Amino acid sequence: MENPASGPGAWSSSSRKRRERDEQEETPPDTDATGHSLSLEENFTFSDTLVALRIMRAQFPRIDKVSVRPFILRSQLYSSVDDRTQVDRELESLRREKVLRIFKLNTGQDDHAIMFVDDYLNQIERISKRMEGKKQYDVAVLEWFKIHVISSKLDPSIGHEELCTLLSMGGKVKDDHITLLINAGLLTRQLIDPTMYWFTIPNIGSVLKGLSQGRKELLSFLNRRKYKEMMLAPLERKCLRLSPMDMRFHLRDLIGSGHLKTAKTPSGLLVRVVKE
Amino acid sequence: MWKEIGKRESGELRPSLFCSRIRSSRAASLQLSNHKEIVSAHRGSVNSLQVDLTEGRYLLSGGADASVAVYDIQNSTHCEERGLVAKHKSIFVIDKQHEHGHKYAISSAIWYPIDTGLFVTGSYDHYINVWDTNTTQVVMNFKTPGKVYRTAMSSLATSHMLIAAGTEDVQVRLCDIASGAFAHTLSGHRDGVMSVEWSTSSEWVLLTGGSDGAIRFWDIRRAGCFSVLDQSNSQLGRRPPFLDHSAMNKASTSKSSAAGQSSSVKARGLQRKAANGNGSKQSTIGRVRSQVKGSMKPRLHPGLLSSQDRATAHYGAVIGLKMTGDGMYLLSAGSDSRLRLWDIESGCNTLVNFETVRLQTTKPLQLSLTQDSALVFVPCMATAKAFDVWSGKTRLTLRGHYENMNCCWFNAQDQDALSRKGQAALDEDNWSD
Numbered sequence: 001m002e003n004p005a006s007g008p009g010a011w012s013s014s015s016r017k018r019r020e021r022d023e024q025e026e027t028p029p030d031t032d033a034t035g036h037s038l039s040l041e042e043n044f045t046f047s048d049t050l051v052a053l054r055i056m057r058a059q060f061p062r063i064d065k066v067s068v069r070p071f072i073l074r075s076q077l078y079s080s081v082d083d084r085t086q087v088d089r090e091l092e093s094l095r096r097e098k099v100l101r102i103f104k105l106n107t108g109q110d111d112h113a114i115m116f117v118d119d120y121l122n123q124i125e126r127i128s129k130r131m132e133g134k135k136q137y138d139v140a141v142l143e144w145f146k147i148h149v150i151s152s153k154l155d156p157s158i159g160h161e162e163l164c165t166l167l168s169m170g171g172k173v174k175d176d177h178i179t180l181l182i183n184a185g186l187l188t189r190q191l192i193d194p195t196m197y198w199f200t201i202p203n204i205g206s207v208l209k210g211l212s213q214g215r216k217e218l219l220s221f222l223n224r225r226k227y228k229e230m231m232l233a234p235l236e237r238k239c240l241r242l243s244p245m246d247m248r249f250h251l252r253d254l255i256g257s258g259h260l261k262t263a264k265t266p267s268g269l270l271v272r273v274v275k276e
Numbered sequence: 001m002w003k004e005i006g007k008r009e010s011g012e013l014r015p016s017l018f019c020s021r022i023r024s025s026r027a028a029s030l031q032l033s034n035h036k037e038i039v040s041a042h043r044g045s046v047n048s049l050q051v052d053l054t055e056g057r058y059l060l061s062g063g064a065d066a067s068v069a070v071y072d073i074q075n076s077t078h079c080e081e082r083g084l085v086a087k088h089k090s091i092f093v094i095d096k097q098h099e100h101g102h103k104y105a106i107s108s109a110i111w112y113p114i115d116t117g118l119f120v121t122g123s124y125d126h127y128i129n130v131w132d133t134n135t136t137q138v139v140m141n142f143k144t145p146g147k148v149y150r151t152a153m154s155s156l157a158t159s160h161m162l163i164a165a166g167t168e169d170v171q172v173r174l175c176d177i178a179s180g181a182f183a184h185t186l187s188g189h190r191d192g193v194m195s196v197e198w199s200t201s202s203e204w205v206l207l208t209g210g211s212d213g214a215i216r217f218w219d220i221r222r223a224g225c226f227s228v229l230d231q232s233n234s235q236l237g238r239r240p241p242f243l244d245h246s247a248m249n250k251a252s253t254s255k256s257s258a259a260g261q262s263s264s265v266k267a268r269g270l271q272r273k274a275a276n277g278n279g280s281k282q283s284t285i286g287r288v289r290s291q292v293k294g295s296m297k298p299r300l301h302p303g304l305l306s307s308q309d310r311a312t313a314h315y316g317a318v319i320g321l322k323m324t325g326d327g328m329y330l331l332s333a334g335s336d337s338r339l340r341l342w343d344i345e346s347g348c349n350t351l352v353n354f355e356t357v358r359l360q361t362t363k364p365l366q367l368s369l370t371q372d373s374a375l376v377f378v379p380c381m382a383t384a385k386a387f388d389v390w391s392g393k394t395r396l397t398l399r400g401h402y403e404n405m406n407c408c409w410f411n412a413q414d415q416d417a418l419s420r421k422g423q424a425a426l427d428e429d430n431w432s433d
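If you're matching them up, the sequences are chains D and E in order.
Here full-length UniProt numbering is used: the first residue of the first sequence is 1, the next is one more, and so on.
Here full-length UniProt numbering is used: the first residue of the second sequence is 1, the next is one more, and so on.
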């Protein structure tokens with residue numbers, strides 16, 4: 001485990017402002033092509049949900065082993081925009097306008113992932129190409145799913161009857177087709193109710209495992225420290241061993257879900273574990 | 001405050017506005033009281049608190065050690081610390097030694113809403129007892145098939161004296177004090193019912209929240225529930241949108257078109273829900289529902305169709321319900337650690353986000369609202385948080401208990417909030433400004 005940056009390293013880039021999106025050119029290690037700072041401390045809060053979504057989508061880490069399109073967690077949005085009610089309402093109106101879709105994840109009681117509709121359709125394309133190669137199943141049902149079900153059903157869950165009805169607008173539906181959809185990773189049965197399904201993002205299993213392990217690792221790292229806190233700047237530069245996502249992703253998520261909180265200090269933001 | 005008094009004197013401020021400003025400023029400055037203390041007579045955790053509705057003077061508390069105690073919160077019994085701290089001891093305590101007392105924990109203790117001559121307690125020993133306060137004897141008792149989680153009586157009722165009981169059993173029972181028997185059984189929930197509330201705008205409407213996560217509205221004059229709240233039905237503001245039938249109708253037409261193609265009972269349930277949704281949008285709760293029937297032959301009794309509706313209001317169990325005084329909004333707390341604000345007229349979730357991290361999941365919670373419904377007090381683990389109802393921001397965090405809090409009560413007359421802790425409380429905390 002690498003040591004956190006010691007005194008001289010933390011002072012080297014001295015122009016760290018607190019919580020405002022700062023466009024100053026400086027030379028910390030993580031800048032993008034235009035030289036704008038991408039560190040979490042600079043770009044902590046945004047004014048608008050859509051802006052926050054777009055920027056976080058652009059900052060989604062590239063994972064080599066699985067091909068998954070960028071998604072954003074709801075808790076990340078809560079930590080990035082001040083007013084949570086505004087976030088909820090804007091998400092709802094964007095969802096109704098079919099700009100994005102919300103999926104319920106199984107990594108916790110209230111976890112939701114937000115994905116732009118274009119990314120989701122792109123992901124389905126990849127799945128159908130992969131399944132066509134196998135030639136075992138009838139892949140037309142994926143097309144029906146895309147055309148009929150996704151465009152009309154905007155909720156994160158769907159009932160069995162309604163699913164069959166919507167799919168039958170494309171052709172004759174058999175139980176094998178639903179099995180195909182579940183195998184492709186587009187639907188999951190609900191545990192509490194056997195006739196309801198959740199919509200899911202395909203190929204996301206390992207990413208979700210990395211998500212929950214990364215959360216635990218970050219929380220245990222901070223809990224092992226003497227005062228259960230650390231400055232944000234050096235914390236952000238650490239890598240998590242068990243998660244393919246970067247530290248910034250996890251920090252936003254944990255701050256938004258209330259497990260960590262930030263405090264302003266004269267030398268920058270401080271991240272602390274919430275004790276209650 | 002002096003400025004307000006000056007304005008009132010000169011006539012710039014009207015009396016009602018003056019009252020409400022004083023009340024809200026007092027509520028906004030609540031702190032742990034250092035001059036008033038209530039000495040708890042319970043030896044276990046306290047599960048339920050209520051100040052009587054008629055005078056605001058007597059506090060009834062029910063504990064997990066099967067004891068019930070009544071305190072006078074306006075007149076203290078003795079003073080300590082050189083007259084600076086007023087202590088309130090209990091007027092009487094009923095515990096397990098009483099011949100008709102409860103055997104297990106008491107989950108809910110409420111006053112009879114008309115006067116303080118009677119009170120009702122519900123306990124985990126499956127009994128609901130009605131006690132006479134002056135003689136501390138049991139006047140009547142009801143046996144329910146499961147542990148009683150919550151009991152409620154309507155404060156508006158003029159023509160009935162029904163106690164609504166939410167138990168571990170899936171049916172909600174209405175017990176009648178006048179006849180001593182069960183009057184109704186309301187079925188529709190698929191798991192135990194953790195919270196029951198009567199509507200503040202109609203004496204016939206009951207709201208129940210179950211461990212299956214559903215919130216149902218029942219009109220007790222008819223069979224079946226007339227509305228189930230669905231968390232995915234949401235509206236973007238405080239009031240239902242004016243001419244926006246498109247959002248409601250889009251949801252209901254997609255469901256009814258799905259229903260048109262299959263003939264199962266479930267689809268009829270969906271269509272019935274859509275019809276009910278539109279019906280309740282146009283009529284207020286007090287009036288008779290518009291009987292919009294589906295075009296299919298009803299195979300089930302119309303009141304039971306709603307039992308097919310599986311919409312959930314929360315992802316976990318619903319552990320607390322509170323209706324605002326004007327009967328227009330409902331706050332619900334769920335074991336998914338979310339608090340939601342519902343607009344009752346349209347049946348939609350108003351998407352106000354309350355910043356709660358964790359709520360206890362096994363016991364029912366008691367929420368409390370200030371009189372003008374601007375602040376809601378929620379016990380969140382070891383603190384009580386006061387949230388602004390319309391924006392969801394945390395206004396106050398009241399810390400003072402050593403253990404988890406179960407219930408809290410806002411006394412509207414004195415703007416005091418009382419809260420009760422879990423295990424081994426030695427004294428109850430009283431918060432005032």
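Everything labelled a hint here was simulated from the structure, so no lab data went into it.
Keep in mind the model is a prediction, meaning the values are calculated, not measured.
Accuracy of the hints is not assured; some may be wrong.
As a list, the in silico DSBU-like pairs of lysine-lysine whose alpha-carbon atoms are at most 30 Å apart [to be verified]:
#1 E:Lys-363 / D:Lys-104
#2 E:Lys-393 / D:Lys-264
#3 D:Lys-275 / E:Lys-393
#4 E:Lys-103 / D:Lys-261
#5 E:Lys-147 / D:Lys-98
#6 E:Lys-89 / D:Lys-261
#7 D:Lys-228 / E:Lys-393
#8 D:Lys-153 / D:Lys-129
#9 D:Lys-216 / E:Lys-96
#10 D:Lys-216 / E:Lys-89
#11 E:Lys-393 / D:Lys-104
#12 D:Lys-275 / E:Lys-363
#13 D:Lys-134 / D:Lys-153
#14 D:Lys-275 / D:Lys-226
#15 D:Lys-264 / D:Lys-226
Here is what the structure says about each hint:
1. E:Lys-363 / D:Lys-104: 26 Å, holds
2. E:Lys-393 / D:Lys-264: Judged against 30 Å, a Cα distance of about 20 Å means the pair holds.
3. D:Lys-275 / E:Lys-393: Since the Cα atoms of D:Lys-275 and E:Lys-393 sit roughly 20 Å apart, the hinted pair holds (cutoff 30 Å).
4. E:Lys-103 / D:Lys-261: Given pair E:Lys-103, D:Lys-261 is violated - Cα atoms ~44 Å apart, limit 30 Å.
5. E:Lys-147 / D:Lys-98: 46 Å, violated
6. E:Lys-89 / D:Lys-261: Since the Cα atoms of E:Lys-89 and D:Lys-261 sit roughly 41 Å apart, the hinted pair is violated (cutoff 30 Å).
7. D:Lys-228 / E:Lys-393: 26 Å, holds
8. D:Lys-153 / D:Lys-129: Since the Cα atoms of D:Lys-153 and D:Lys-129 sit roughly 24 Å apart, the hinted pair holds (cutoff 30 Å).
9. D:Lys-216 / E:Lys-96: Violated, at roughly 46 Å.
10. D:Lys-216 / E:Lys-89: Violated, at about 47 Å.
11. E:Lys-393 / D:Lys-104: Measuring from Cα to Cα gives roughly 25 Å; hence the hint holds.
12. D:Lys-275 / E:Lys-363: 22 Å, holds
13. D:Lys-134 / D:Lys-153: 29 Å, holds
14. D:Lys-275 / D:Lys-226: Holds, because 14 Å separates the two Cα atoms, which is no more than 30 Å.
15. D:Lys-264 / D:Lys-226: Given pair D:Lys-264, D:Lys-226 holds - Cα atoms ~19 Å apart, limit 30 Å.
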